[in-house]
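Novice: Each chain is listed here by its residues.
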Amino acid sequence: MKVQLLCVLLAVGPAAIAQDGSSPFREVLASARLSKSTPEWRADARQVTPDCKISWSVGKYTLHGGRQEGVEIVVINNGVMEITVCPTRGMGILSVNRGDVALKWDSPVTEVVHPQFVDLGSRGGLGWLEGFNEFMCRCGLENNGHPGTDKFVNNVGDEAEMELTLHGKIANIPASEVAVEVDTTAPYAIHLTGTVFERFMFGPRLKLQTRLTVVPGETSFQLQDVVTNVGASEQEFQLIYHSNFGGPLLEEGSRVIAPASSIKPFNDRAAEGLDQWHTYDGPTVGFVEQVYLLTPKADRNNQTMAVLHNKAMDKGASISWSVDELPHLTIWKNTGAVADGFVTGIEPGTNYPANRSVERKAGRVPRLMPGQTRSFTLTFGVHSGREEVEAAARQAAALGMARAGVDDPATLRKRD
Amino acid sequence: MKVQLLCVLLAVGPAAIAQDGSSPFREVLASARLSKSTPEWRADARQVTPDCKISWSVGKYTLHGGRQEGVEIVVINNGVMEITVCPTRGMGILSVNRGDVALKWDSPVTEVVHPQFVDLGSRGGLGWLEGFNEFMCRCGLENNGHPGTDKFVNNVGDEAEMELTLHGKIANIPASEVAVEVDTTAPYAIHLTGTVFERFMFGPRLKLQTRLTVVPGETSFQLQDVVTNVGASEQEFQLIYHSNFGGPLLEEGSRVIAPASSIKPFNDRAAEGLDQWHTYDGPTVGFVEQVYLLTPKADRNNQTMAVLHNKAMDKGASISWSVDELPHLTIWKNTGAVADGFVTGIEPGTNYPANRSVERKAGRVPRLMPGQTRSFTLTFGVHSGREEVEAAARQAAALGMARAGVDDPATLRKRD
Amino acid sequence: MKVQLLCVLLAVGPAAIAQDGSSPFREVLASARLSKSTPEWRADARQVTPDCKISWSVGKYTLHGGRQEGVEIVVINNGVMEITVCPTRGMGILSVNRGDVALKWDSPVTEVVHPQFVDLGSRGGLGWLEGFNEFMCRCGLENNGHPGTDKFVNNVGDEAEMELTLHGKIANIPASEVAVEVDTTAPYAIHLTGTVFERFMFGPRLKLQTRLTVVPGETSFQLQDVVTNVGASEQEFQLIYHSNFGGPLLEEGSRVIAPASSIKPFNDRAAEGLDQWHTYDGPTVGFVEQVYLLTPKADRNNQTMAVLHNKAMDKGASISWSVDELPHLTIWKNTGAVADGFVTGIEPGTNYPANRSVERKAGRVPRLMPGQTRSFTLTFGVHSGREEVEAAARQAAALGMARAGVDDPATLRKRD
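Protein chains in written order, with our numbering: chain C, 4 to 419; chain B, 4 to 419; chain X, 4 to 419.
It is worth saying that the hints were derived from the structure and are not from the lab. In this text the structure is predicted, and so the values were computed from the model without any measurement. Be aware that one or more of the hints could be misleading.
Stated by the list, open to error - As a list, the in silico DMTMM-like pairs of lysine to aspartate or glutamate whose alpha-carbon atoms are at most 25 Å apart: (1) K267(C) - E166(B); (2) K267(B) - E162(X); (3) K267(X) - D161(C); (4) K154(X) - E164(B); (5) K267(B) - D161(X); (6) K154(B) - D278(X); (7) K300(B) - E391(B); (8) K154(B) - E164(X); (9) K364(C) - D161(B); (10) K39(C) - D109(X); (11) K154(C) - E164(B); (12) K267(X) - D278(X); (13) K210(B) - D161(C); (14) K154(B) - D161(C); (15) K210(C) - E43(X); (16) K154(C) - D271(X); (17) K154(X) - E85(B); (18) K154(X) - D271(B); (19) K39(B) - E85(C); (20) K39(X) - D271(B); (21) K267(X) - E162(C); (22) K154(C) - E85(X); (23) K154(C) - D161(X); (24) K154(C) - E166(X); (25) K154(X) - E85(C); (26) K154(X) - D284(C); (27) K210(X) - D109(B); (28) K39(C) - D153(X); (29) K154(X) - D161(B); (30) K364(B) - D161(X); (31) K39(C) - D271(X).
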């Protein structure tokens, strides 16, 4: 155990050297390698970037009480937005708040639940739902879809069967390494890095490195994720960015603009609402979820974008990404009662959220050779006021297709 | 996460205003809403109620070592009794001690096990037994009986099957809000309040609010529980007060007095001992549990009462409750060896502890409309000396029926 | 809960009185009985045994970060070796380091995983593998082999079925009592004692007491374990000492010397390599484990010994034990890629690691009467330099049989 106790390695994640060669500010907030965890910590512009005009801050806090005892969160305030990330829950993003626009939803689960209280196998493999309340959580990495039986290779080399659990493990694994970096030259970008391992002996050997970057004063932020096969054999992986929105963005009359060459309902229930897939009703007691599977359309750089906005088009959010990295998009409409979780999900992924056995058959389970990595870059925008929202909507529409969700969705191919 | 960090709401549970308008003493001991947890804390009569003649105290402690690392307990001493409650285990009551009379038992499980070490699904759904050693723990709230398959509605609105686990989850969920209140006017009642949520996305949305009240110097205490459907749809719930007694109350020759209009054995094993259902043998190696299902008889106010006393009738305990609230009573006789858990349970409930599918078919699974509450009030008495015990026994007998357990149980209808 | 709070019992485990009557040094590091846990602590020769020439030390540390948050370890340095034990993981031995010889391996699981993050039932009962990276961990106590269905007696006295999980629970149960003792007279032996309970209501009632003893300056250490049936009825138990070696001991050309009267392959895969069971290849991508089941040969005192050494025979390890206590030996060859866990296991046990149902049928599941104990003493040696290694190899060979692994293994009876 010398490693944990004496190791003085300070580098965590990708090297962090500012472009002009100046040394960035860096603080390790948690590290299994250093056997370190900082319960409470705070840094701000005055200390770190005295020349920065914008009053940013980053803090780490440990939550207490009930099922959130010991949960660690990092709150980044870039002067105009507050982004809350939860290292204890796989570096998921709990919420993003910009004045009266918020990327978040009100789950029936209100505490930030520590993974120790989540039994993924419970309720027929739906135990993940006991902790689900993030704005954005990753589904994966070994599997990321519906529960149910799938095959795997066990410790004695035999093909065996296991019960997959809903949306996989990664959202319930604490990050092993967490650090904050701040560029000490303009524009003073703030970076939060995290490393989450999904590792078993005779099981998955996958590493997720995530880097959230936000520039003081800006109204968008970026995730740069890298998934690596740290094992010696080829292995499958899956990844979905389960991004969830409730009020005030989601309300009766909200719309999602998601350019797509194909939209398919997940099941008969979704088929009922196919023509209205892009518009939302208000909270409806007893509403049963509708899920749509899209093939996003992209620009010449293979970038696509999805926008959600409220009825008045003065509050909006956008997600931009590359279809080379995340070729599939799932839209989850769950406009049940507020008390039951009034929410919609915009979920770019390597695949759709069916059971892995289904996705594998459809050729949607990517594989990584030993040491191979796959990168994923997503930009999340928070749009306030009609001007910003319309600009985002225009940008989505400019992808060269029917402005789905605003124009006629019937022009989209409904089923293969 | 502003909510957790900045929220300054102080009200937890029902409002607490003393009857004469004076402000009661109040201390929040744990709160997920305030992100607060107090590892160690103590208050006593001298500080809080200097005019009170009785030297009471309340303390909160955090346990260490083995499987109890991090478990929080609250110890209330009202001058004559010490009541120990465990917020980490769903506000269960670990023990009540009044001199040489104690409401407790010696489980093979001696530590106060943190829920993180309990896998409810293990041992074929019997994992609950890994932490079971409370004097009184609640069984519920989504289900509270035997393990086994039952149907439920899953996230996509389909009726699916899940494996219920023994006695449900509530005894292994940490309370989200815990507070102590003390009336600052005579009789200076001490209240311990707690809120425990059993919540899932696409699952149960139930809230338990409990209020334990004890007056300095008195030898009984009261639980006032409220269960609320905090979801938007009607849902089922179940609740049993699993109250367990070992020595010194339980010994060869102990008797339970439980007025009932019907007593049925749970199974063939119980049927063997039906005639002696109300009397106890001493510790017996290899004894297999016997369970009896009673319909309690009540007075004109629908109050009923069960009394357990030792052979000499100089040590006793009583539970009083309303049959409107808890119409069913289970008597669990488990007079095995001391090392294996020599214990009897007196368990008022909304139902009997069969699998929920059985209880539903029998019409014993209550339902709550959205926002609807159900209240449960139980009074626990600790009786020392022949006079007190006989008074309690008389009170039970005075319910206008054969004094079951003392008189002839054969007058009771044995089977439907 | 008076017991936890007020108990002043200081004795933990076997009484500790030095042979000359002088009082040994003693420190309780964790105790559920005393509700005590010491996050950080250190003692050394200068303080405790000023007359001792060898500079030993013992420290307790709490690990932080990722899945090891809150894990407690004890590091014993006897002047020439460093032994790291993990009370949080059932008193397993994480590693033993003596200069360039180490008893350890590099698992894909690099953190010391807290049991709260291990779901033994996951992956078809293989969840144990999520935390497996010890040099030596115990498998047991209720069961210790492969997952799969076996019968048990449930709470209502019925024979029921449960799914056993790989290698049982004991390696994922925190020790309830942990103490360090140091003899204050020469040779100043250092003892680390721990008590781990595997207890359920209506389940196993087993106690493991372990005492690791190491003398300053010596290159071997001893485990003295006692398993006790603390229940009132006869019960089964199982115990395997899963001792695992990677580099530098394990490399292409390493050999294991394990005197045996019988060697059987566990399955067809192992049968393929039977003739080479005692020699090792280097890391091989995709290697599927081979497991051999041996009946050890012993000397007139029923002591046997297994030795593993590297190709140059200048680094070695040995395990010595009594075949009366542990009559079965399993050799696990898993020379996969380093990234996947390049490792071999030398595993003395009460049985082989098949499912308990198989072992029971073969008469290899021991039973304990109430109060009965079984003791297990193992000596682990760390050998550096050709002279030491050859001496150990000779000692093994001197057990009066073909020097298996060096001489011709074909002389061994291959299959019954």
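Novice: Quick one: which hint numbers does this structure break? Sort them smallest to largest.
Specialist: 1, 6, 13, 14, 15, 17, 20, 22, 23, 25, 26, 28, 29 and 31
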